[in-house]
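K.L.:
Residue numbers (this note's numbering), protein chains in the order written: chain A, 1 to 319; chain B, 1 to 320; chain C, 1 to 522.
No lab work stands behind these hints, which were simulated from the structure alone.
None of the hints are false.
Interface residues of chain B toward chain C, partial, derived using beta-carbon atoms under 8 Å:
1. V78
2. Q82
3. Y152
Here are the simulated lysine-lysine pairs, BS3-like style, with alpha carbons at most 25 Å apart:
4. K209/A with K240/B
5. K240/B with K207/A
6. K347/C with K279/C
Which residues of chain B face chain A? A partial, calculated answer using Cβ under 7 Å:
7. Q11
8. V15
9. L136
10. L141
11. P142
12. I148
Backbone N, C-alpha and C define an ideal beta-carbon position, used for all residues, glycine too.
Okay, here's what each chain looks like letter by letter:
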Amino acid sequence: MTDAPLPEGDKAVRRPSRLAAALDSDFFYSFRRSPVAVVSFIVAAILVLSAVFAPWIAPTNPFDPASLNLMNGFSAPMTPNAFTGESFFMGTDDQGRDVYSTILYGMRISLFVGVAAVLFAMVLGITLGLLAGYVGGWTETIIMRIADVQLTFPSILVAMLIFGIAKGFTPVEYRDQMAIWVLILAIGLSDWVQFARVVRGATLVEKGKDYVQAARLIGRSPMAIMGRHILPNVLSPVLVIATISLALAIIAEATLSFLGVGAPPTQPSLGTLIRIGQGFLFSGEWWILFFPAMTLLALALSVNLLGDWLRDALNPKLR
Amino acid sequence: MISFVIRRVAQSVLVLLIVGLVAFSMFRFVGDPIDNMLGQERTQEDIDRLRTQLGLDQPFPVQYYKFLEGAAQGNFGVSYRQGRPVSEILLERAPATLELAAVSAIFAVILGVVLGVYTAIRRTGFWANFIMSASLIGVSLPTFLIGILLIYLFSVELGWLPSFGRGEVVDLGWWSTGFLTESGLKALILPSITLGLYQMTLIMRLVRSEMLEVLRQDYIRFARARGLAARTVHFRHALKNTMVPVITVIGLQLGAIIAFAIITETVFQWPGVGLLFINAIQFVDIPVMAAYLMLISVMFVGINLIVDLLYFAIDPRLRG
Amino acid sequence: MFRTFTAAAALAVLAPVAQANEFTWAVTTDPQTLDPHAVNSAPVLGFLNNVYEGLVRRGKDMTIEPALATSWEPIGDGEGWRFSLREGVTFQDGADFTAEDVLFSYQRASDENSDTRSWFAPVSDVIVVDDFTVDVMTTAPNPIFPDSIANWMIMDSGWAEANAAGLPDKENGNFATLNANGTGAFQVTAREPGLRTVLEPFDGWWGEVEHNVTRAELTPIQNPATAVAALLSGDVDFINPVPIQDVARLNGDGNVNVIQGIEARVIMLGFPHEAEALKYSEDVEGANPFADVRVRQAVAHAVNVPAILQTIMRGNAEEVSQLVSPAMRGYSPSLAARPEFDVEKAKALLAEAGYPDGFSFGLKCPNNRYLNDEAVCQAVTGMLAQIGLTATLDAMPVQNYWPELRADNYDMYLLGWSPGTFDAEHPVRFLASTPNEEKRLGSWNFGGFSNARVDELLPMIQSEIDDTVRQAMLDETAAILQDEVAYVPLYVQPLVWGTGSNVSLTQRPDNFFILRWVTVDG
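Okay, chain A solo, but in the shape it has when bound (with noise of 0.2 Å):
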């Protein structure tokens, strides 16, 4: 916006080294100046990369029940199990699963339900926020009636609902699957309301401003004055939602399976050992509960460091 505007031919040709030219100076700059925010990259990025390549460095595959051997059970970390003699780097849980393996495969399912529930989430709060902002009269009031029924469930409630409901549709051979699915739905659709409600606020406050009115004036349409003039207004809360949204995505995977409607302990997430791991906080099996409770502090800090920073360094008006 401070930019002088160019001529239409122009923009187009030059555009991507202007782009090239700002990651290079001011973010590149902004990033190297915050060790917070390179000690988190360097972190969430060793996490996602295991969490993708889990198949190729865990040692065991957890998810295949036949490989798996009961009396391993419960080894501690780096010791030889009393009854096999086998050790395992961060120990076994209860049924004799490699901690170590499982958590990576376990993250990978993790990562892929938050990222998949807050994207879906995004998309559907900004969309049905900025239509019920802009537009308003009965479509604001529909949309946000359907925010006030989605908000009175409680989200544990939403993705029992779900559950139910797809439990009864799906046969038993696809529910493995399916359960991760109803979960990214069930997340998303408890998580959409927070940003509908905020770019709406947003937006009735920028619909009243002038340029707005300018841009009606000139007869844009209605698609792109909300694209390209309302959305980059509204970006800032969106973002600090978004980011507390994945990391709480990952965790309320955990809540709901607290609840017993997480991923399938034959195939779990992160929030599932979780869960399986506090059963074993007083037995003094410490290594079941406190790694894969270590990777999602970790996972969940540095993603909200990282986007904490993000957010300063991305939003103009802070520079």
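Starting from the known structure of chain A, fit chains B and C onto it as the hints suggest.
P.N.:
Using the frame of chain A, we list chains B and C on its own:
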């Protein structure tokens, strides 16, 4: 203004009807109450008879209509599990949840706004950055785990605070309060922290983010240039203008506190409506589940209404 | 030092009027009613055993002993039983106990509104002979009748009628749902459902007092970790159950004791005997491999029960070969051997049955009903995978589980069974008889197992008075069920209670907590 309120109330009634409908259609997926109500030695005949008695054999619209009819008269039916009127049970449990939610909300709002303003003003300071980072640890772990870890540390290892329940309560009419006894106050500490931690962090981050934007605005710069005291600038001008999105979120979070009380109450065996609801799910106690959802709906609709009205009050631009 | 101080301070806060022997106990499920005839479930009957009494009761070793009846004897040729009632017994409200109350309690407990109705299926009539003699007439000779009514609790007819609680009301509840008036050692002085129930000793109790409890409070705590924390921090004196994995930790804590025993509940795998086809298979269509006894045998040999007991149960359970545990009456000692764990044999049996590469199917499992149920199912899934049987495990809360089983939505399922009569006849009646609605048989036989000889033996067992003959028939039944692999019994679920170290009590194998056997030190 009056027509606005009337319109909103009419819409709210519609919302409640829809909630009831969704809730009711969902119950058939939660499970079957019959198995919990009959013992091991039941027969199919017993099952059928009880089903008829409870009206579960009737078509869905009939069940829904009967529920609405009762609810309109303030009668939510009788709990399958306790054999007592649901309204009586809810009244008995509501104080526990409301006290917990109130303490958590106050904790979250006060600490959230104070820390949010502080971290915004001292944006580059060490402590501000430390608070920002440290606050994230609390929201990077699931609530139930935080609760259990708090119990482990403060009840089992240190023995300072009770591990479950509300402690000694005092009855003031139908309202039972834990505010008047030492054990009651002690019992509030861990659950309130567990419940309010996430909201506190969210409010803090939002206040900070909004503050930072407002502090950049011309009128603040102008106010500064006029030589107004920093405190006046920050609190009279800046904080006031960050309040629109903050109030939205606080309003939303009040509801979330009540909803998330389900988890906290389960972990701490806190005898509120959240625990009642989880029990009801386990027992498929349909009347209790339905009444709980309606209650929560009424509350949310009320909160939404208040938030909308506050919008009008705070931001004059919206009045047009 | 510091810790004892704070614990004492906490106690002082909890109990401002310091009474000598307060006892707080935590359970996972609050008794849903105080009406002894409304719900036939362990949490209700177990709790009410402290308040109400039956004609007979079970002692510390589960033997039947006199309670409100001082003696009993068969009438004639097995036409019924005559009970001589105890004199001078009063209810907690002061009313006298007489034969009228027994008749009233029979009518109340056998009404169709009562959940305890099935106990009285063999009864044709109850006759009041005089104030302290009652005849219970049975349709056929019934040698185990006194054993089957230990939980039939006697209610005062006058109290029930005065308070309009003549019949249990499950739908709306009534006075007896929230109040109790028994003849037992303790009376209910406060009841807040789902929160706490307070018991105090009944001064007018007829029996000899063994306990020294002055006030007891029952409080439900659902989350197992919270319950363990409450016990460790001294907030409660007793929890049931202790999560299996925490046994070692609690044993190592000086302030806490763990009491372990073998429960009556047998955990087993069930099959869809009657089904035409598997419901959840990807590779078998239109056929039901589990209808073939060799496939069921293969399953029995593939499950490594000792490994499950060693790891998941941490050595706290015992394997079992029959539908009842060795502690039950009518157990068959000659058939004590479980099918040995033998992967090769299991594979051979599968090959013989025409499934050399195995097949896939769906295993249903509850995840909040039995101790570590989900973990056990997971382990079973892994073990069956070793012989090529790939199970898709679907674990769910129990409120969803029973409807699924009733709708036949399973290819294999996990079931626990605890015989209410502590007799081997009980599971035969409920799990192994051909389902028959009219005769109230096989009501938990989800898979529809059916064997003509078993059906023929059951009525004979039920009416046989001679113990040796009866045992021979039970042995024959048990052998058939083993040969046919009607179920795969896995292990007997352990009982694990945790108490403060200043508490001594007796653990009864039916998992009932009997308060009058509790003593608290200082």
